[in-house]
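S.K.: Starting from the known structure of chain A, fit chain B onto it as the hints suggest.
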Amino acid sequence: MSKHSTPQFILQRLLAAIPSAIGVIIVSFIMTRMLPGDPAAFFAGASATPEAIAQVQETLGLNKSWIEQFFIYIGELIRGNLGVSLTTGQTVIYDLVTRLPASLELTLAGVLFAFIIAVPLGILAALKPNSWLDHLSRFITTAGVSLPTFFTGLLLVYIFYFLLGIVPAPVGRLDLLSSPPEHFTGFYLLDSLIRGDFNLFVIAFQHLILPAITLGIFALAPLARITRASMITILGSDFIRLAKSNGLSPEKILFTYAFRNALLPIITTMGVVFSFLLGANILVEKVFAWPGIGSYAVEALINSDYAPVQGFVLTMAFLYIFLNLAIDILYGIIDPRAGF
Amino acid sequence: MKEMQPKTTQETLLAVDRLSVEFATRRGTVRALENVSFDLKAGEIVGIVGESGSGKSVLAFATMGILDRAGKITSGRILFDNIDLLQIKRSQLRQKRGKELSMIFQNPRAALNPIRKIGRQIEDVLQAHANLPPKQRRERVLELLSLVRISDPSRRYNAYPYELSGGMCQRVTIALALACSPRLAIADEPTTGLDVTTQAAVMDLIVDLAAQTHMATLLITHDLELAAQYCDRLVVMHAGHIVETAKTSDLFQHPRHPYTAKLIAATPDPEKDLAHLIPIPGNLPDLRGELPFCRFRDRCDRASSQCDTVPLERKLVGNNHQVACHNHF
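Protein chains in written order, with the working numbering: chain A, 721 to 1060; chain B, 91 to 419.
With the rest of the complex left out, here is chain A:
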C-alpha cells in the first residue's frame, strides 16, 4: 500500500479520469447525431421552404461531415464554448451555470433528508432486528421506493399545499414576488445567507422542502437497508465484543466503534443514490416547476437541440467523476487502510 499525500492522490485520480472524459465526449457527440429528427427543420418552422431549411443547416454547420463537425466541436470545447441552445437562445454554458445549481441544491437536500431519516432508522433496526421498529422501518422504506416520484410529489403537494396550506405553491425555487439572490454559489440557501437576507432564505427553504422530501423518500430504502445490514455485521464482530467486554459505554460502542466502521458501505451507497437521484430529478423538477438541468435536457432532446444535450451529458459525466473522487477522499478520511 503506497502512501501518498492527499493532493497527490487527487491529482492522480483526476488524471485517471481523462480517458473516461474523452470517451464521454465522443459518445455524447455520436449519440446526439444519431438521434432521429433534424434540428434545422425544427427551427426553420413548420412552413419553411427547403431552401430556408438548407440555410439554417448551413448556419448551424450541419451540412458538414460528422468528422468536420466533431473537430469544430472539440475546438470550441477547448475554448470553453459549449455552443448555443436553439430553444432558449442562450449559450449552453449560461444555461447550465444557472440551472445546474438548482438541480444540485435539490438533490443534495434530498440526499440529506434521506440520510437524516434512513440512517437512524437503519441503526435502530439493526439494534433490534425483527422488532416492531425493524418492521416499521422496512414498511416505510419499501413504500417510499415503490411509489413513483411524480406520484409522491403530487400527493405531498395535495396534502401540504392544497389541504394544509403550510408550504407555498409549487412554482419553482422562489415565490413569484421574490427575486433570486446575487449569484455566488447558485445555491439559493447559501447565497441568501451570504447576502444576509434571512427572509429570502426562509422563502427558498420553504420552496425546497417538498421537492427535496419527494426525492429523498425515494432514497430511503437503499440507505436504510445498507445501514441496517452494515450495522448488523459490525455489531456482531469481534472488536465490538471486545469493546463490550472492556466495559466501554454503549454510546461509545455504538458511535465510535460500530457506526464509524459501518459508515464505509453507507457512503458508497450514498454516492450511488446521489447520482441516481440526479437522474430521477427530471420528474420532480416537472412537478415542482423547478428550473433544473433535468427538465432543460429533456426539452432539448425533444427539440433535437444538440448543444444542450451534449453539454448536459458532459456535465453529468464530470459530476460523477467528482462525486467518486469525493467519496474516495471521504473513505480515506474514515478508513486509514484506504491509504493514500
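Calculated directly from the structure, the hints in this document are not laboratory data.
Just so it is clear, CB atoms sit at the ideal spot from N, CA and C, and this is done for glycine as well.
It is possible that part of the hints are untrue.
Beyond 12 Å from chain B on every Cβ pair, some chain A residues (computed) [said to hold, decoys possible]:
#	residue
1	F729
2	A768
3	E771
4	G800
5	V804
6	G809
7	L832
8	L844
9	D895
10	S899
11	F921
12	I973
13	Y977
14	Y1040
15	D1048
Pairs of lysine-lysine residues, derived as DSS-like cross-links and limited to a Cα-Cα distance of at most 27 Å, are as follows [claimed, not checked]:
#	chain 1	residue 1	chain 2	residue 2
16	A	K972	B	K162
17	A	K972	B	K225
18	A	K848	A	K972
19	B	K162	B	K189
20	B	K225	B	K189
21	B	K162	A	K848
22	A	K972	B	K189
Some but not every residue of chain B turned toward chain A, in silico, with C-beta under 7 Å [as the list claims (entries may be wrong)]:
#	residue
23	M154
24	A201
25	L202
26	I205
M.R.: Below, chain B alone, put in the same frame as chain A:
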C-alpha cells in the same frame, strides 16, 4: 446432572455454579452448556480444555456477559467475588468488565477496531474506568505498551491494527485487557493463529504479568500441551459438560475420565513418534434434541446401559480431583 456445590472459600474469585446456556437456532435449541460448575482462586491459572465445539468459548462469553443474542443463560450463577454477575444491573456489570475482569480474544486482529489507533483504543478502556486526566492517560498507555514489550511505544501509539503483525496485535489486546489491572483475565485461545515462537512469547507474557499482579487467569484452549505447560489446574470439557477437573499433574498422570485419557493419547508428545497418536473416534454429538445423560457415551469404549439411564454426578476421586463418569478408571 447434579453436581457438587462449589465451595465458596475466602480465596475463591470466580465460581461458576450449575450454569446452563442454550442457543435458539432455526433447527432446534442447542444445549451448549449444561450444569457447568467450576471455580477459580485469586492468582490461580486454570485451563479449560476440550475439542472445538465443546462449549469453552461459550463459557467465556457467558462469564463476560457477551453472549450472542441467540444465546440464553437458562440457569445457574456466576459468582465473581461473591457477587452474582447474572443478577446485577447492566451498568454495574459494565463497571466490572474491563476493570475487574477482562478478556483476551482468539483472533487479535479482528478483536481490534480496524480504523482506530491502537493507543486510542487502550485509552478508551482507561477512560471508561479510570478517572485520569488526558495527559496521564496517554502516559499510562505508553507504559502499558512497554509492559507488553512493544518497542517504541510512542510511535506504536499511532499505529492502526493493519500496520502491526498478529503477535503485535495480540500484545495490544493484552495491554487492553490489563489496562485497569483486573483480578481475572479470560484468555480465549490467545495463541491460535500465531506462529510457534510468538505463541510461547505471548503465553509467557500473560503468565508473567498475571504473576506480577496476582491476577487469576482462565486459559481456554484446545491445546492440551499448552495448557499443561502453564496451568495449575485443568477443567476438561466435552459437548457442553465438564467431565473432569484436577491439578494438571494429577490429570496427566491419572486421567480418570475415558475422554480425558483419549484426549491425552491424542496429544503429540516429543518422546513418542506420531504413529502413537490415537485419534478420538466419532464426532461431538449434535447438541439439539434428546441426548443421553452422558454425552460421551457414543464415543466411549467403557459405556454401559447406566450411561443412558442414570444421571451423572461429579465424584471426588482424589485430592481436588473430580470426574463425571459411571465407569471411570
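S.K.: Look at each hint and say if it fits the structure.
M.R.: Verification of the hints:
Even its closest Cβ contact with chain B, about 18 Å, leaves F729 (chain A) beyond 12 Å, as expected for a residue assigned away from the interface. A768 (chain A), annotated as away from the interface, keeps every beta carbon of chain B farther than 12 Å; the closest lies near 66 Å. Against the 12 Å criterion, E771 (chain A) stays outside the reach of chain B, whose nearest CB is about 70 Å from its own CB. No beta-carbon of chain B comes within 12 Å of the beta-carbon of G800 (chain A); the shortest separation is about 42 Å.
Separation of V804 (chain A) from chain B is adequate, the least Cβ-Cβ distance of about 50 Å exceeding the 12 Å criterion. With a closest Cβ-Cβ approach of about 53 Å to chain B, G809 (chain A) is found to remain outside the 12 Å limit, as its non-interface label requires. At the 12 Å boundary, the C-beta of L832 (chain A) stays outside the reach of chain B, the nearest C-beta of that chain being 24 Å off. Separation of L844 (chain A) from chain B is adequate, the least Cβ-Cβ distance of about 15 Å exceeding the 12 Å criterion.
With a least CB separation of 47 Å from chain B, D895 (chain A) remains clear of the 12 Å interface cut-off, as annotated. The Cβ of S899 (chain A) lies farther than 12 Å from every Cβ of chain B, with a closest approach of about 48 Å, so its non-interface assignment holds. For F921 (chain A), the condition that its CB be more than 12 Å from all CB atoms of chain B holds, with the nearest at approximately 37 Å. At roughly 10 Å, the least C-beta separation between I973 (chain A) and chain B is not larger than 12 Å, which violates its mark as non-interface.
Not every beta carbon of chain B lies more than 12 Å from that of Y977 (chain A), the smallest distance being close to 6 Å; the non-interface claim is violated. A cut-off of 12 Å between C-beta atoms confirms that Y1040 (chain A) is not in contact with chain B; the least separation is 27 Å. Its beta-carbon lying about 16 Å from the closest one in chain B, D1048 (chain A) satisfies the requirement of being farther than 12 Å from that chain. Our distance criterion of 27 Å between C-alpha atoms is met by K972 (chain A) and K162 (chain B), whose separation comes to about 25 Å.
Note on K972 (chain A) and K225 (chain B): the hinted pairing holds, with a Cα-Cα distance of about 20 Å set against a maximum of 27 Å. Restraint check for K848 (chain A) and K972 (chain A): the C-alpha separation of about 18 Å stays at or below 27 Å, so the hint holds. For a cut-off of 27 Å, the pair hint linking K162 (chain B) to K189 (chain B) stands: about 25 Å separates their Cα positions. This hinted pair checks out: K225 (chain B) and K189 (chain B) have alpha carbons roughly 20 Å apart, not beyond 27 Å.
Distance restraint check for K162 (chain B) and K848 (chain A): the Cα-Cα separation of roughly 16 Å lies within the 27 Å cut-off, and the hinted pair is therefore satisfied. A distance of roughly 17 Å separates the Cα atoms of K972 (chain A) and K189 (chain B); the hinted pair therefore holds under the 27 Å criterion. Because the beta carbon of M154 (chain B) sits about 5 Å from the nearest beta carbon in chain A, less than 7 Å, this interface hint is met. Because the closest C-beta pair between A201 (chain B) and chain A is about 5 Å apart, less than 7 Å, the hint holds.
Checking L202 (chain B) against chain A by beta carbon gives a least distance of about 6 Å; that is within 7 Å, so the hint holds. Look at I205 (chain B): its Cβ gets to within about 5 Å of chain A, closer than 7 Å, so that hint holds up.
Hint compliance for this structure: hints 12, 13 are not met, and every other hint is.
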